[in-house]
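As you go down the protein sequences, you meet chains A and B in turn.
Residue numbers for the first sequence follow numbering that gives the first Met the number 0, so the first one is 0 and each next one is one higher.
Residue numbers for the second sequence follow numbering that gives the first Met the number 0, so the first one is 0 and each next one is one higher.
Since the hints were derived computationally from the structure, they do not count as laboratory data.
Even for Gly, the Cβ is constructed at its ideal location relative to N, Cα and C.
Among the hints, a few may not be true.
[Stated by the list, open to error] Simulated restraints, written as ranges between beta carbons of each label pair:
no.: 1; chain 1: A; residue 1: Leu426; chain 2: B; residue 2: Ala555; range: 20 to 30 Å
no.: 2; chain 1: A; residue 1: Leu381; chain 2: B; residue 2: His322; range: 56 to 66 Å
no.: 3; chain 1: A; residue 1: Lys488; chain 2: B; residue 2: Val567; range: 30 to 40 Å
no.: 4; chain 1: A; residue 1: Tyr612; chain 2: B; residue 2: Ala218; range: 51 to 61 Å
no.: 5; chain 1: B; residue 1: Arg251; chain 2: A; residue 2: Glu552; range: 49 to 59 Å
no.: 6; chain 1: A; residue 1: His610; chain 2: B; residue 2: Leu474; range: 20 to 30 Å
no.: 7; chain 1: A; residue 1: Pro595; chain 2: B; residue 2: Asp500; range: 34 to 44 Å
no.: 8; chain 1: A; residue 1: Glu542; chain 2: B; residue 2: Leu156; range: 25 to 35 Å
no.: 9; chain 1: A; residue 1: Glu542; chain 2: B; residue 2: Leu474; range: 45 to 55 Å
no.: 10; chain 1: B; residue 1: Lys107; chain 2: A; residue 2: Pro595; range: 49 to 59 Å
no.: 11; chain 1: A; residue 1: Leu264; chain 2: B; residue 2: Val567; range: 48 to 58 Å
Listed here are the chains, written in short residue letters.
There are 2 protein chains.
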Amino acid sequence: MSKLTDLPKRILIGRALRSDKLGETLLPKRIALPVFASDPLSSVAYAPGEVLLVLSIAGVSAYHFSPWIAVAVVVLMFTVVASYRQNVRAYPSGGGDYEVATTNLGPKAGLTVASALLVDYVLTVAVSISSGVENLGSAIPFVIEHKTFCAIGAIVLLTVMNLRGVKESGKLFAVPTYLFVAGIFLMILWGAFRGLILGDTMHAPTSDFEIKPEHQGLAGFALVFLLLRAFSSGCAALTGVEAISNGVPAFRKPKSRNAATTLALMGLLAVTMFCGIIGLALATDVKMAENPAVDLIRDGVPVGAGFTQDPVIAQVAEAVFGHGSFLFMVLAAATALVLFLAANTAYNGFPLLGSILAQDRYLPRQLHTRGDRLAFSNGIVLLAGAAILLVWIYGADSTHLIQLYIVGVFVSFTLSQTGMVRHWNRLLADERDRARRRHMVRSRAINAFGAFFCGVVLVIVLATKFTHGAWVALLGMVIFYGTMTAIRKHYDRVADEIAADETPADESVRPSRVHAIVLVSKLHRPTLRALAYAQLIRADQLEALSISVDPDETKALREDWERRAINVPLKILDSPYREVTRPVIEYVKGLRRQSPRDVVSVYIPEYVVGHWYEHLLHNQSALRLKGRLLFTPGVMVTSVPYQLQSSEAAKKRARKRADWSAPGSVRRGPVERGHKGPNRKG
Amino acid sequence: MSKLTDLPKRILIGRALRSDKLGETLLPKRIALPVFASDPLSSVAYAPGEVLLVLSIAGVSAYHFSPWIAVAVVVLMFTVVASYRQNVRAYPSGGGDYEVATTNLGPKAGLTVASALLVDYVLTVAVSISSGVENLGSAIPFVIEHKTFCAIGAIVLLTVMNLRGVKESGKLFAVPTYLFVAGIFLMILWGAFRGLILGDTMHAPTSDFEIKPEHQGLAGFALVFLLLRAFSSGCAALTGVEAISNGVPAFRKPKSRNAATTLALMGLLAVTMFCGIIGLALATDVKMAENPAVDLIRDGVPVGAGFTQDPVIAQVAEAVFGHGSFLFMVLAAATALVLFLAANTAYNGFPLLGSILAQDRYLPRQLHTRGDRLAFSNGIVLLAGAAILLVWIYGADSTHLIQLYIVGVFVSFTLSQTGMVRHWNRLLADERDRARRRHMVRSRAINAFGAFFCGVVLVIVLATKFTHGAWVALLGMVIFYGTMTAIRKHYDRVADEIAADETPADESVRPSRVHAIVLVSKLHRPTLRALAYAQLIRADQLEALSISVDPDETKALREDWERRAINVPLKILDSPYREVTRPVIEYVKGLRRQSPRDVVSVYIPEYVVGHWYEHLLHNQSALRLKGRLLFTPGVMVTSVPYQLQSSEAAKKRARKRADWSAPGSVRRGPVERGHKGPNRKG
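The whole structure should be built from the sequences, with the hints applied where relevant.
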């Protein structure tokens, strides 16, 4: 049957690439940084613009608040980085937010974090791809003219790549990420040099535009609310910071210290780039409006729907490097590339989280198996489908999508940091060593401040963005939460039902004898094999059973049986209506009625074929019979396979599939023997 | 797995209705007539109109040829009826055209007939539904305004009814068919009375229209060609005549004689109605044009695209009974209903023919099983899908669809009648009794004339209609033929491959010992049951095998094992990458390498659940493992089911499904024990 369900996928994604085994390929810091930081670093491509965009609601004059908002974002970034440095030290096994929350705050908090993260992965894809397309569009107009189409195309491409199982390597991440970082820094330095030393005045393409404020002269609470909303948007720069805490096992030793260092480095790069871009945007007079068509005024008239508002990074690059210059092009390409890489990280994170959730029985058990291709594929398709839906609904508009984005991130930040506080409290209760206690108290203080700050931000985000789209993200979280709770309940119910009694006197219904039946239609090789095998099993009774649907065939079978002198009694049941299943079931039930303590063992000769369409031509009756028999108590059903020549092809395919290893492996590191998450025994 | 694939169908078609067993419910002639004749009788609803429509190409003056064409159709009808009366006598077992052609002309001819019939069933649905909608539309304008939509809706409705397994009864057919026949006869008589006795002049709604001839003053070959085309269209009246020859076993005794009488009665009714309608159409000045929008002229201007050309039967009824009168409405409803019934006969014929073809291994074997619901459903869905496609492409225009229709019918008529000639030749070779010989010679003459006449008609149809759409029907036949040939070839190849050698020295690789393995993950009831069952099977070696994916779980299992003192050795395999399938396969292969003559018997505890979504949560690893194991030679795979409480629901459903009996049973009659078709042993 698996052949059947595989087919559409196989047509689409072709043969699996054979990738090298997960070995001891641990990551040095210089590679770990791009592997884990493409997501958080890439967010500086959209976060500064979002800040300006929100401020513009109060008019261009409000832009002078932007440095203060940048400062707030920087403080938040340092807080979060400092907090997560505690996480990677406390959980060197790769304690992601889910694990930290579950261990310290209980399964409900953990499940909340998991739901938030799942929603986040979907949004990472949607936002990064949309933003990537917008950045690419600043250099290639065609892309922006067919924005939704290109964005969906990019998601499909990423999906196919991930389903095929691209061999990942650190280098793949390193080149675009470093190119992007270098490009941004070059732009900041060159811009500063031109502005401060040469005294050039640089002009962004929108520098001589005006902005019609949607709300003139905001003050008091309304202004504060607007500033908080701008800050919320700026917080998009923090998405993905937590990734390293999941990936500690992938670092070289000393794992925790290297991870912490990488985290700090990443934070430093991110804030520098964030502030630099905001600074340059102010210096080059970039104008960003929430509704550019109406609120952006050129020569006294609104620019209209035909105008495309380029991302802030593109506008600044144009001002600094010159329109259409080589460096401008390179930076646009690097930005788009690093955003696509950021989207790709979600493709890796989703199945990893899925496997941990499966281990805790919130998702189907089989997702737990590492590199289970089918489960992995289903997760990827789900992720891509949800992202495509969002991109399609929101027209690949990153500004709209960002409204949904930040809720999930701060739900998991807040719960994870709160969990860390509990963690330290628990350790402090037992710790007597003074130096260590001091260290723990300090860590606890950092995490407590992190939890508090993140909590405040979460409230701000919810308050300022709920109606702008945050409710969609919350709805998504509720759906994931509900589904996972239901799955867990089902598994728990089944576990109760099948739990073996403690007393070994469970033997009350221990079966006594076996009555074996070999199903026979004709005497061909598969049947002869089944008969030979069944005879080896020394059952208490063995008989062959044939359902007579055609008297002539039955007669031929009987003659053949005698001619070959098969020493198994042949029983023939009449089936006037040419049914096969019912007479067998009735017969088996009859046997069970006669001697209820007997077990009936049914042997079914089965053809093994190589192609899905051959499945349609064989075994269908056997399959249906088997399905029915399984519902009959006291029955074992044995398939005796006969491999047809065509099965060789399928065997090879199956072997290839087994050799496949899932993308994202490089971030997970090798499996730690003995490593144990929470609830693993649950 | 069957649960999974069933779901969409179950949502759509709900629970199966429990219908009474096929009993000895044989049909009296008065019921058999409507059961079998709704298809041929209903075709008088469109055939006369088609004749006029084709003639109109040469202008209204050509209408005076229509009585001659009617005469030709009548002669053909008598010929075909007389021929099939020979069939039902020679093949009282229900020798349909397929059987007759296969037996007498060989499998290729048989397969050609089968392909033609399959295409025909699709077209019966498409044409009858389209025409039914047009007739209904003459009374209810809404229907005609949304013609394609209504036609597809009707097909979907019929499909759902047939999938649910409506209980069929003769009465269901009898009421509308007799109502229709009575209505037509009443119309003819009342029309004749008004016209001939009262001297009324009746006017069809189109009586004062003019027709712009597409070809003025046709003569010579062109005129003959047009007349032949009109005749071809009139031949649509003959579709479905062959149905009785399939259904002889459903008649009361003396079966053959009753079937022959019914056939004659049906022919008589059909020709009377056909001629009556043509006569009335001429008397009431009905005008039909092939392209009414352009060629139908009212007050000197074309009627345009907004005009709906009502079927001839509706126009005549309006002229005779008066527009909007009660009888007009009743007749329109009865016509539509009998046409829908005609479409329904295809839903019955398709699976019957499918089961016969499956028996001869041209279609998947499981279709052979009578009342196999899944196979039946697949056939129905295929039929409906093809019909919907045609209706959609041709905009539910019966005139266009009829161009495709008649080819298949005459292919099977011609081949069947040719086969009958061979049949008599064969019998005559052995027969010495003079009276009987005379009888046979007479039958042979009838069949020979039938074959000749049908062959001529086939050539005419092909020549006059090939470019008008007959090529589509031929293409369909080629596709069916190719597919069925390929399936047969596959089965033959497999049969060769699995044929047992005649020498009983096939034992060279007879296995010697059994090594039994019980797969264990935890010690719960399903596992304990599998262990208990496996112990009953006195294998030469028995061990339990567990794949260690988590050291703690493995430790717990080991402790549990010792505590319960299970006297089966427990073997634990490490799986560093948390795979389950590969280590088991490797282990089994290792065992086989060590002692190649051993058979490995793998016992897998399996959960039996009641809902499809539960399937997603259980047994997935087991299923995959089983799939892989079947490719490994020398292995038996035994499922030891453990029925969870929820499985009760599925058990009940399965039982209900088993009680279902397929629609169309009433036409097939009870299964004849010992009845044997051609090639049944092949």
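Outcome of the hint check:
The hinted range of 20 to 30 Å is satisfied by A/Leu426 and B/Ala555, whose Cβ atoms lie roughly 27 Å apart. The hinted window of 56 to 66 Å between A/Leu381 and B/His322 holds, with their beta carbons roughly 60 Å apart. Between A/Lys488 and B/Val567 the beta carbon distance is about 33 Å. The supplied range of 30 to 40 Å therefore holds. In this structure, A/Tyr612 and B/Ala218 meet the distance hint of 51 to 61 Å, their C-beta atoms being roughly 56 Å apart.
Here the CB-CB span from B/Arg251 to A/Glu552 is close to 30 Å, at odds with the stated 49 to 59 Å. The hint said 20 to 30 Å for the Cβ distance between A/His610 and B/Leu474, and at roughly 26 Å that hint holds. Taking the beta carbon of each, A/Pro595 and B/Asp500 are about 42 Å apart, inside 34 to 44 Å as hinted. Separated by about 49 Å at the C-beta atoms, A/Glu542 and B/Leu156 break the suggested range of 25 to 35 Å.
For the hinted restraint 45 to 55 Å between A/Glu542 and B/Leu474, the CB-CB distance of approximately 51 Å keeps it satisfied. In this structure, B/Lys107 and A/Pro595 meet the distance hint of 49 to 59 Å, their C-beta atoms being roughly 55 Å apart. A C-beta distance of roughly 56 Å is found between A/Leu264 and B/Val567, which places it inside the suggested range of 48 to 58 Å.
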